[in-house]
Amino acid sequence: MDRNQAHRNRRRLLKTAHFIGLFLTMLVICVPGLWIVLNSFRPTVEIMAKPPVWVPSFTLDHYRAMFAGAGEGGVPVFSYFRNSLIVSVTSTFIAILIGMSGGYAFARYRFWGKNSYFVGLMLFRAVPGVALSLPLFIVFAKVGIIDTHFGLILAYVAMNVPFTIWLTDGFFRQIPKELHEAAEIDGCTRWQAFWKVEFPVARSGVASAGIFAFLTSWNEFALASQLTRSVGSKTMPVGLLDFTAEFTINWGGMCALAVLMIVPALILTFIVQKHLIAGLTFGGVKG
Amino acid sequence: MTEVTLSNVVKKYGALQAVHGIDLDIQDGEFVVLVGPSGCGKSTTLRMIAGLEDISGGEVSIGGRVVNDLPPRERNISMVFQNYALYPHMTVRENLGFSLKIAKRPGAEITEAVNEAAQILGLDELMDRKPAALSGGQRQRVAMGRAIVRHPDVFLFDEPLSNLDAKLRTQMRVEIKKLHQKVESTIIYVTHDQIEAMTLADRIVLMRDGHIVQVGTPLELFNAPVDTFVATFIGSPPMNLVDGVVEDGQIVLDGGVTLPVPTTAGRLSEGQAIKFGFRADNLMPAGHAVDEDGAVYELDLAVTLTEPLGTETLLFTNMAGVEVQGKMFNPRPVRPGEKMNFRLMLDKCHVFDAQSGHAIRR
Numbered sequence: 000m001d002r003n004q005a006h007r008n009r010r011r012l013l014k015t016a017h018f019i020g021l022f023l024t025m026l027v028i029c030v031p032g033l034w035i036v037l038n039s040f041r042p043t044v045e046i047m048a049k050p051p052v053w054v055p056s057f058t059l060d061h062y063r064a065m066f067a068g069a070g071e072g073g074v075p076v077f078s079y080f081r082n083s084l085i086v087s088v089t090s091t092f093i094a095i096l097i098g099m100s101g102g103y104a105f106a107r108y109r110f111w112g113k114n115s116y117f118v119g120l121m122l123f124r125a126v127p128g129v130a131l132s133l134p135l136f137i138v139f140a141k142v143g144i145i146d147t148h149f150g151l152i153l154a155y156v157a158m159n160v161p162f163t164i165w166l167t168d169g170f171f172r173q174i175p176k177e178l179h180e181a182a183e184i185d186g187c188t189r190w191q192a193f194w195k196v197e198f199p200v201a202r203s204g205v206a207s208a209g210i211f212a213f214l215t216s217w218n219e220f221a222l223a224s225q226l227t228r229s230v231g232s233k234t235m236p237v238g239l240l241d242f243t244a245e246f247t248i249n250w251g252g253m254c255a256l257a258v259l260m261i262v263p264a265l266i267l268t269f270i271v272q273k274h275l276i277a278g279l280t281f282g283g284v285k286g
Numbered sequence: 000m001t002e003v004t005l006s007n008v009v010k011k012y013g014a015l016q017a018v019h020g021i022d023l024d025i026q027d028g029e030f031v032v033l034v035g036p037s038g039c040g041k042s043t044t045l046r047m048i049a050g051l052e053d054i055s056g057g058e059v060s061i062g063g064r065v066v067n068d069l070p071p072r073e074r075n076i077s078m079v080f081q082n083y084a085l086y087p088h089m090t091v092r093e094n095l096g097f098s099l100k101i102a103k104r105p106g107a108e109i110t111e112a113v114n115e116a117a118q119i120l121g122l123d124e125l126m127d128r129k130p131a132a133l134s135g136g137q138r139q140r141v142a143m144g145r146a147i148v149r150h151p152d153v154f155l156f157d158e159p160l161s162n163l164d165a166k167l168r169t170q171m172r173v174e175i176k177k178l179h180q181k182v183e184s185t186i187i188y189v190t191h192d193q194i195e196a197m198t199l200a201d202r203i204v205l206m207r208d209g210h211i212v213q214v215g216t217p218l219e220l221f222n223a224p225v226d227t228f229v230a231t232f233i234g235s236p237p238m239n240l241v242d243g244v245v246e247d248g249q250i251v252l253d254g255g256v257t258l259p260v261p262t263t264a265g266r267l268s269e270g271q272a273i274k275f276g277f278r279a280d281n282l283m284p285a286g287h288a289v290d291e292d293g294a295v296y297e298l299d300l301a302v303t304l305t306e307p308l309g310t311e312t313l314l315f316t317n318m319a320g321v322e323v324q325g326k327m328f329n330p331r332p333v334r335p336g337e338k339m340n341f342r343l344m345l346d347k348c349h350v351f352d353a354q355s356g357h358a359i360r361r
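In order, the protein sequence lines correspond to chains C and H.
34 is the number that numbering that gives the first Met the number 0 gives to position 35 of the first sequence; each next residue is one higher, with no gaps.
67 is the number that numbering that gives the first Met the number 0 gives to position 68 of the second sequence; each next residue is one higher, with no gaps.
Careful, some of the hints might be misleading.
[Stated by the list, open to error] Computed beta-carbon distance windows for the label pairs:
no., chain 1, residue 1, chain 2, residue 2, range
1, C, Phe117, H, Asp68, 25 to 35 Å
2, H, Asp68, C, Ala264, 31 to 41 Å
3, H, Gly135, C, Pro199, 50 to 60 Å
4, C, Lys14, H, Leu15, 50 to 60 Å
5, H, Val182, C, Gly112, 26 to 36 Å
6, H, Leu15, C, Pro199, 50 to 60 Å
7, C, Pro31, H, Pro70, 29 to 39 Å
8, H, Leu15, C, Gly112, 46 to 56 Å
9, H, Glu73, C, Gly112, 55 to 65 Å
10, H, Met126, C, Pro199, 11 to 21 Å
11, H, Glu93, C, Val142, 48 to 58 Å
[Stated by the list, open to error] With a straight-line cut-off of 30 Å between C-alpha atoms, the simulated DSSO-like cross-links for lysine-lysine are:
no., chain 1, residue 1, chain 2, residue 2
12, C, Lys195, H, Lys129
13, H, Lys11, C, Lys113
14, C, Lys176, H, Lys100
15, C, Lys176, H, Lys347
These aren't lab readings, by the way, just hints derived from the structure by calculation.
Because the structure is a prediction, the values reported are computed rather than measured.
Virtual Cβ for every residue (Gly too), placed ideally from N, Cα, C.
With these hints in hand, go ahead and build the complete structure from the sequences.
Structure follows, in structure tokens:
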């Protein structure tokens, strides 16, 4: 009886500790994001206040100013948004197309140097993007694709393909090879077997690879800040810099733009959430 | 007419040779079972017939047409896989109709063929479910349905029952046999289970290490195994084998038992080391035997263990120092240690050469 009670207490205690631990972790992750959202609705005085003001007075001034003309603290939000969208969507699409083909090849075919090639792709990921920014800048400048959508898309595709290959390889590996064999016996060519059977089955995996690639491109700052110059190609993360002046930083405006940046990513993640979770657990075995 | 012919078929994986020049003629409408322990090359052979593995050497022809370099879709075969390989994103109906849809047949024809297959296999109720919502036996049936919808020339089965529990396996075995009687197509069936092979096959092809050891009807393999491997692989329990020597025209088993040479045995030379083989059915205690025609050798043996099976009881005992099994029909309870008078049916015994393992038969 006592032992039972002791075990029950112990379990309850562990459960509480578990909960508190999770709460603290989530707090660390969420508070900065929340702070950005709060700041975007606060007057500048409150943002700079010490000690911080927890209950803000609500204002839309920063949003109003951001969408206003150039002279009144406005920034070309719509151009930045369009640039971001074009660059992210296109680079994601291409990266998925290439990455999925690559992942499938790694999962299904045996070829010479396969393992070293795969490790090579992963090593490529170990190089920090910023380290590449100067060489990329020089090469792009010589070729003449600095400050263009194309240049940025090219950089992002190169950045995303290895990860996409790695992720989709895991998903295709999970699909038993008998599926495409059955399809081939049922009259499919290898190509049909892929599109009609293996691709639909791996759809959730491809979707999660897609959202990773999209978010990477959407949020990327270091390369974009080097490779873009003008309103015609600057993406939203780079646009955030517009709020820094020589001696001041317009925190409120910066936060407002950041919120605008977060929203589409959030919506997209919600839409594919079901796939994302199914995909990540499906591929989870390989790790 | 779709006979399948394999001539000198070889499969190599780099330096490793999995199949060593197989010759096999399969008649139209025949049910042939490839059986053997794992790694004997039976699945590889089947996959070469299906076109899923390249053929390293020799020739495979289906219906008189050499298919070595044809892709699977041009061989007009269908295959049932061990793990069913149902398309998880399609309903049962879509799974069944997939091959016809790929072949761009008209919708009405697809519906008709799918419904017909569903009826044969009792799938009507399940047509709108996805494979994940089916039990193992139902999935197995869908896999078979998918195979018959196309009316292929040849059915290939790759260990289709291995993933089912014992009871369901027996049921599906009967269904497969019924299916064969109905469609009358050529069937090539791979299994490692000798009972499946015995019950299903018109002809069994027993393989080991990439070679065919023996081809024949189930009863041929059971009654006249070519070597000790076949003798112990086919039949349950496996054939008892006891080492012995030929002396003075008689067989002396290592433990000292002396037996006359069975009438079935061929020419034996003096001093030849042999293995003496007999099935449990041919070692029966007196009063519990089914037939006592022919030459009988009587011996007293102590029972060490019993396995009652209902209509018969398996008796474990020691003969010439080797554990052997006998069978007791119309069984009565037997205590371990009890001495019984056994009758060995000499006419049904086998003699194998000890070195090569080959049967020495008249």
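*Given a hinted range of 11 to 21 Å, is it respected by the beta-carbon distance of H/Met126 and C/Pro199?*
holds, 19 Å
*Keeping to a limit of 30 Å between CA atoms, is the pair of C/Lys195 and H/Lys129 held or broken?*
holds, 16 Å
*CB of H/Asp68 to CB of C/Ala264, is that within 31 to 41 Å?*
51 Å Cβ-Cβ, so the 31 to 41 Å window is violated.
*Could one say that the CB atoms of C/Phe117 and H/Asp68 fall in the range 25 to 35 Å?*
holds, 31 Å
*When you take the CB atoms of C/Pro31 and H/Pro70, is the distance between them in 29 to 39 Å?*
violated, 57 Å
*Pair hint C/Lys176 and H/Lys100, alpha-carbon separation not exceeding 30 Å*: Judged against 30 Å, a Cα distance of about 21 Å means the pair holds.
*Just tell me: holds or violated, for the beta carbon distance of H/Leu15 and C/Pro199 against 50 to 60 Å?*
violated, 36 Å
*So does H/Glu73 sit 55 to 65 Å from C/Gly112, Cβ to Cβ?*
Violated, since H/Glu73 and C/Gly112 (Cβ atoms, about 33 Å apart) do not stay within the stated range.
_Range agreement (Cβ of C/Gly112 with Cβ of H/Val182, hint 26 to 36 Å)_ = Taking Cβ atoms as reference, H/Val182 and C/Gly112 lie about 47 Å apart, which means the hint is violated.
*asked:* Please verify whether H/Lys11 and C/Lys113 have alpha carbons no more than 30 Å apart.
replied: holds, 21 Å
*H/Gly135 and C/Pro199, beta-carbon distance inside 50 to 60 Å?*
violated, 23 Å
*Range hint 48 to 58 Å: satisfied by the CB atoms of H/Glu93 and C/Val142?*
This hint holds: roughly 49 Å between Cβ atoms.
Violated hints, listed in ascending order, are 2, 3, 5, 6, 7, 8, 9, 15; each of the other numbered hints is respected by the structure.
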